[in-house]
Amino acid sequence: MSQTSMIPEFVTRTSFIELDGRSRAQSLFDEGTWKELIDPFDQMSSPWLPMQGIAPQADDGCIVIKGKIGGMPAVAIALEGAFQGGSIGEVSGAKMTAALDLATRDSEAGKRTAAILLLETGGVRLQEANLGLAAVAEVISSVLALRPHAPVITLIAGTVGCFGGMSLAAGVSSYIVMTREARLGLNGPEVIEQESGIDEFDASDRALIWAIHGGEQRVGMGLADALVEDDAEKIKTVIRGYVHADLLSEYRSQQVDLYRDRIAALDTSEQIDPKSLRQKWGNETTGGLR
Amino acid sequence: MSEHVGLRGRTWFQVLTEKNQPASGDPGTVLATEAQIGGQTALFLCVVPDASSRFPCVRDGQVGLEEAFTLAHHIRSFIAEDREKPTSQKRPVIAIVDVKSQAYGRREETAGIFFAAAVSADAYASARMAGHPVISLIAGQAFSGGFLTHGYQANRILAFDDSGIVIHAMHKEAAARITRRSVSELEQLGHEIAPMSYDVRDYAKLGLLHKLLHVNDPQHPTAADIQAVTLELIDAIQDSRRGPTDLSNRIQSEAARQTRKAGIAVRAALEAQWQNA
Chain L
70 MSQTSMIPEF VTRTSFIELD GRSRAQSLFD EGTWKELIDP FDQMSSPWLP MQGIAPQADD
130 GCIVIKGKIG GMPAVAIALE GAFQGGSIGE VSGAKMTAAL DLATRDSEAG KRTAAILLLE
190 TGGVRLQEAN LGLAAVAEVI SSVLALRPHA PVITLIAGTV GCFGGMSLAA GVSSYIVMTR
250 EARLGLNGPE VIEQESGIDE FDASDRALIW AIHGGEQRVG MGLADALVED DAEKIKTVIR
310 GYVHADLLSE YRSQQVDLYR DRIAALDTSE QIDPKSLRQK WGNETTGGLR
Chain Z
5 MSEHVGLRGR TWFQVLTEKN QPASGDPGTV LATEAQIGGQ TALFLCVVPD ASSRFPCVRD
65 GQVGLEEAFT LAHHIRSFIA EDREKPTSQK RPVIAIVDVK SQAYGRREET AGIFFAAAVS
125 ADAYASARMA GHPVISLIAG QAFSGGFLTH GYQANRILAF DDSGIVIHAM HKEAAARITR
185 RSVSELEQLG HEIAPMSYDV RDYAKLGLLH KLLHVNDPQH PTAADIQAVT LELIDAIQDS
245 RRGPTDLSNR IQSEAARQTR KAGIAVRAAL EAQWQNA
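In order, the protein sequences belong to chains L and Z.
In terms of my numbering, the first sequence has 91 at position 22, counting the first letter as 1, and numbering is strictly consecutive.
In terms of my numbering, the second sequence has 196 at position 192, counting the first letter as 1, and numbering is strictly consecutive.
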């Protein structure tokens with residue numbers, strides 16, 4: 070038996086999830102082609118957090134990197150889940166919107182520039198409440214402005230997951246890529262338990278949480294496009310594929326009547342079983358582990 | 005206050021369109037109709053409470069799966085009907101907003117409410133980007149994912165100048181719990197920090213609103229109130245026809261230049277660095 074075959078794959082691979090937001094974004098680009106925009110030395114941080122006795126961060130938890138992926142122009146925007154839960158404030162939101170708008174401008178001028186959103190976020194930063202909510206509306210608008218010109222790829226690796234308003238930004242993306250450890254939903258389990266009671270959602274039931282919000286389920290039911298292993302090289306390859314992909318003639322979030330009919334067909338007299346929903350909605354063209 | 009969610013929305017839908025029943029085939033939680041305003045036909049949309057909804061978590065005026073897809077369906081049909089028209093003749097879409105929140109339910113999460121909300125936001129934004137003037141009239145509450153789904157993609161946002169109007173990311177009790185404050189601390193903070201405030205006059209300081217409208221009692225409008233609000237809606241339609249179809253007006257107002265200084269500086273810096281990267 071050769072030595073290499075005795076070493077399991079997970080020993081040699083680079084975990085993507087263990088990287089911070091900045092390293093994740095960097096890892097997607099061709100070597101030597103990327104540059105961070107408004108880096109921490111520019112000191113553009115939240116003006117609202119210090120007013121409330123909370124330490125701001127020099128990048129406001131949002132990292133913007135521009136460069137080339139497989140030779141094509143791209144911009145990656147990462148939310149750092151470790152800072153204030155990846156929450157969206159005025160500054161981080163403006164970084165996202167501005168980067169998307171500039172990608173649109175370049176794309177319209179003939180230099181197709183894809184955007185990759187690395188979303189680890191609980192949603193709106195409550196200390197900046199209404200400016201965070203407004204920022205989410207603007208990010209959604211800017212994603213939709215870019216989408217006809219260049220791919221917008223949402224990558225959710227975990228472990229924070231993508232919740233709250235930013236889940237709508239994921240929902241309007243051209244493609245969503247997730248790991249098994251990633252979660253995607255509008256309301257996190259704790260919020261539902263708090264608002265609607267433990268009978269509605271038991272937030273301590275981890276199996277239930279992953280059955281509903283987990284990457285395998287979201288890809289399996291056709292609401293996300295690719296399930297990837299927690300492997301930086303493999304993720305890079307999948308993202309490169311989408312950066313190079315042809316533009317689509319119709320995006321999932323335009324398929325109103327298909328999903329309206331699917332919702333109309335649901336039996337709501339009891340809770341919906343995630344597994345059977347996956348079988349009903351599952352799209353055979355998605356769902357494979359890459 | 006919360007027991008009145010939806011009543012004002014329904015009232016204003018009724019006085020502006022002379023209808024108050026869901027269209028055939030629609031759930032009881034969505035009011036949608038075409039009606040005349042200022043000599044043109046507009047699509048009016050409103051989400052209302054329905055105690056008999058088959059989705060329990062939307063019965064108090066929340067926005068859930070059926071609501072999002074129904075809104076999107078009407079907007080997409082409207083866009084399709086106007087596809088061949090020149091931009092100047094695309095008809096307006098008017099969202100009357102009085103929503104408690106998004107639906108906080110397990111059924112909704114399982115069936116992908118994040119996606120349903122995205123579909124509706126996409127439809128509203130697509131109407132705006134196609135040249136339809138999209139106007140939101142906030143008649144009551146506009147909370148969080150409910151507002152993102154229904155109304156926040158508008159070219160112009162109007163709201164009543166009234167203590168019953170609340171525009172926010174999360175209701176007070178939950179926001180207090182999550183940020184580890186008492187409700188009174190949170191209210192106090194709102195007076196000092198405009199984006200945290202639950203008062204619509206503080207919201208107006210953010211520069212996101214087109215106008216605050218003065219109506220004595222939004223739940224019981226007089227004929228004069230209705231006429232005045234109608235004129236304001238027509239004015240907002242005309243104003244948005246003159247402007248760009250993106251949301252850039254939200255950072256260009258005088259108020260935004262003050263309150264959203266940090267975000268505006270970020271945009272300028274990013275643009276400057278983008279060229280050389």
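If you're looking for bench data, these hints aren't it; they were derived computationally from the structure.
Hints are not guaranteed to be accurate.
To be clear about the criterion: a stretch of chain L counts as covered by chain Z if any three or more of its residues have a C-beta under 8 angstroms from a C-beta of chain Z, and this derived list gives those stretches [as the list claims (entries may be wrong)]: (1) 116 to 126; (2) 155 to 163; (3) 195 to 207; (4) 234 to 247; (5) 262 to 269; (6) 298 to 312; (7) 332 to 339.
Just so we're clear, the structure is a prediction, and the values are computed from it rather than from any experiment.
Quick reminder that beta carbons are idealized off the backbone N, C-alpha and C, glycines included.
Which of the listed hints are not met by the structure? 6
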